[in-house]
Amino acid sequence: MQAVLWLQQFINPALDVIFIGVSKLGEEMLVILLAAFFLWGYEKRTGYKLVFTLLISAGLNTAVKNIFRVPRPIGAPGVRSIYTESAGGYSFPSGHTQSAAVAYTFLARRIAKRWAWIVAAGLIVLVAISRMYLGLHTLQDVLCGAALGILCALFCPWLFDKAKLDQGWRGLWLMLPGGALALFGGGHTAIQLGGLLFALAFCMPIEMKWIDYNCQGAGLRRLVAVACGLAAAFVIKAGLKAVLPDAPLSAFVQYVAMGTGVFLGIPYLIHRMTSGSKRMSLELTQQQGEYAVARFAPGTALEGLQSLPGFVSVTHTEAETSVVCRQDFLRQLTPAPQAVEHDFTLFKIDGVLDFGLVGILSKLTGILARQHIPVFALSTYDTDYLLVPEKWAELAVEAWIVEGIAVKKR
1 MQAVLWLQQF
11 INPALDVIFI
21 GVSKLGEEML
31 VILLAAFFLW
41 GYEKRTGYKL
51 VFTLLISAGL
61 NTAVKNIFRV
71 PRPIGAPGVR
81 SIYTESAGGY
91 SFPSGHTQSA
101 AVAYTFLARR
111 IAKRWAWIVA
121 AGLIVLVAIS
131 RMYLGLHTLQ
141 DVLCGAALGI
151 LCALFCPWLF
161 DKAKLDQGWR
171 GLWLMLPGGA
181 LALFGGGHTA
191 IQLGGLLFAL
201 AFCMPIEMKW
211 IDYNCQGAGL
221 RRLVAVACGL
231 AAAFVIKAGL
241 KAVLPDAPLS
251 AFVQYVAMGT
261 GVFLGIPYLI
271 HRMTSGSKRM
281 SLELTQQQGE
291 YAVARFAPGT
301 ALEGLQSLPG
311 FVSVTHTEAE
321 TSVVCRQDFL
331 RQLTPAPQAV
341 EHDFTLFKID
351 GVLDFGLVGI
361 LSKLTGILAR
371 QHIPVFALST
381 YDTDYLLVPE
391 KWAELAVEAW
401 IVEGIAVKKR
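Sequential numbering from 1 applies to the sequence shown in the working numbering.
It is possible that some hints are incorrect.
Stated by the list, open to error - Listed below are the simulated SDA-like cross-link pairs for lysine to any residue, each with C-alpha atoms no more than 25 Å apart in a straight line:
{"#": "1", "residue 1": "K209", "residue 2": "W169"}
{"#": "2", "residue 1": "K241", "residue 2": "G187"}
{"#": "3", "residue 1": "K237", "residue 2": "Y213"}
{"#": "4", "residue 1": "K391", "residue 2": "Y381"}
{"#": "5", "residue 1": "K164", "residue 2": "K209"}
{"#": "6", "residue 1": "K391", "residue 2": "L302"}
{"#": "7", "residue 1": "K24", "residue 2": "W115"}
{"#": "8", "residue 1": "K391", "residue 2": "E43"}
{"#": "9", "residue 1": "K113", "residue 2": "A393"}
{"#": "10", "residue 1": "K164", "residue 2": "S379"}
{"#": "11", "residue 1": "K391", "residue 2": "D343"}
{"#": "12", "residue 1": "K209", "residue 2": "K241"}
{"#": "13", "residue 1": "K363", "residue 2": "F329"}
Claimed, not checked - Computed beta-carbon distance windows for the label pairs:
{"#": "14", "residue 1": "M29", "residue 2": "A377", "range": "42 to 52 Å"}
{"#": "15", "residue 1": "Q332", "residue 2": "F376", "range": "19 to 29 Å"}
{"#": "16", "residue 1": "E290", "residue 2": "W173", "range": "53 to 63 Å"}
{"#": "17", "residue 1": "G88", "residue 2": "L183", "range": "27 to 37 Å"}
{"#": "18", "residue 1": "L305", "residue 2": "R370", "range": "30 to 40 Å"}
Think of the hints as simulated: they come from the structure by calculation, not from any bench.
A virtual CB, placed ideally from N, CA and C, is assigned to each residue, including glycine.
From just these sequences and the hints, can you work out the full model?
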């Protein structure tokens, strides 16, 4: 409570307005807009990952609140509380701070630039200070909220990728945390979040298999898709609330149905809206395995090349002999390389090549250059390949898909 009392030494009308505005940076609507942008207007895989992260974070916040049941500092001696309409439920941990932490950490991780991490940290700290200045949370509330949000933003995307939740029917595993949250999370909010997780679990694999939408094209088209999606989501929510009774089971059904509309119905409409948009008449195929670039002495006669599976490229120059191949098979070559760079992802250019070679490579590499993603081009008689460092591969795929270029896995 001491931190709250210290901050409130500086109370004045101007700071009241400023910190109410800052507090809104951690509110539900801003997080919804962020998720909608990624899910319907940018790249759906990132959107699914963000929605999964936000739902797990919100569910964890709700569960912890209901376990500890810590009252808010509202009404405590010497504490002035304003903007109390934003303070529902228990105090620990701070939901606004956790929402800000998970959203802005996710964004910083996605942008992967130093300035993004600095901005994210600044926004999280400001939201935390605002909640204490407004007399709605204590220091331990905001510290715990920030910690949980950052952990969720770092762990949940890793788990999403590791478990391959967007592949096949693996997303059905999300029914388990969804059902557990609805049954044991405690309270109306937990039931709503459980319903949305439940809907995400079965809608994501259905959408990926039979709809497979992508909002491509100009920025205006993407904004229209996001606006239509948000409008449809609110209409679905209002309609279901009007016809279903106010009971726990009804709330769960309502949010499962709303989630189905959000994760399945709206993607179908976006798919219909964008299915006629022009795409490049080629696609990329992500090759299996991790690749390495090895350097040998110039003129080296390499043994074992013929037995290497998959893609192999050998280049001889006056300065060196270099080999690109699957890194797990590199040890089959003799002699040993002088230097090796590991962990690359290889993409093959497929499709009808309806314009010049330079045009293809400049288009594909230019997309990555704008995102500051390193890439190497390799040419063969029939087609070309692109080599991207593995840590950048996911961002590369997202960048290509946004530009209307299909990327599939072998």
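Results for each hint:
Under the criterion of a C-alpha separation no larger than 25 Å, the hint pairing K209 with W169 is consistent with the structure, at around 9 Å. A distance of roughly 17 Å separates the Cα atoms of K241 and G187; the hinted pair therefore holds under the 25 Å criterion. Straight-line distance between C-alpha atoms of K237 and Y213 comes to about 23 Å, which keeps the hinted pair within the 25 Å bound. The straight-line distance between the Cα atoms of K391 and Y381 is roughly 29 Å, outside the 25 Å bound, and the hint therefore fails.
Restraint check for K164 and K209: satisfied, since their Cα atoms lie roughly 14 Å apart, inside the 25 Å limit. Distance hint between K391 and L302 is unfulfilled; the C-alpha atoms sit about 29 Å from each other, more than 25 Å. Straight-line distance between C-alpha atoms of K24 and W115 comes to about 22 Å, which keeps the hinted pair within the 25 Å bound. With a C-alpha separation of about 18 Å, the suggested pairing of K391 with E43 holds against the 25 Å cut-off.
Note on K113 and A393: the hinted pairing holds, with a Cα-Cα distance of about 16 Å set against a maximum of 25 Å. Restraint check for K164 and S379: the C-alpha separation of about 31 Å exceeds 25 Å, so the hint is violated. Only pairs whose Cα atoms come within 25 Å are accepted, and K391 paired with D343 is accepted, the gap being roughly 8 Å. The straight-line distance between the Cα atoms of K209 and K241 is roughly 30 Å, outside the 25 Å bound, and the hint therefore fails.
About 32 Å separates the Cα atoms of K363 and F329, which puts this hinted pair outside 25 Å; it is violated. Between M29 and A377 the beta carbon distance is about 44 Å. The supplied range of 42 to 52 Å therefore holds. Between Q332 and F376 the C-beta distance comes to about 23 Å, which sits within the given range of 19 to 29 Å. Checked against the hint of 53 to 63 Å, the C-beta distance between E290 and W173 comes to roughly 26 Å, which is inconsistent with it.
Taking 27 to 37 Å as the suggested C-beta distance range, the pair G88 and L183 does not conform, at roughly 22 Å. At about 36 Å, the beta-carbon gap between L305 and R370 stays in the expected band of 30 to 40 Å.
Hint compliance for this structure: hints 4, 6, 10, 12, 13, 16, 17 are not met, and every other hint is.
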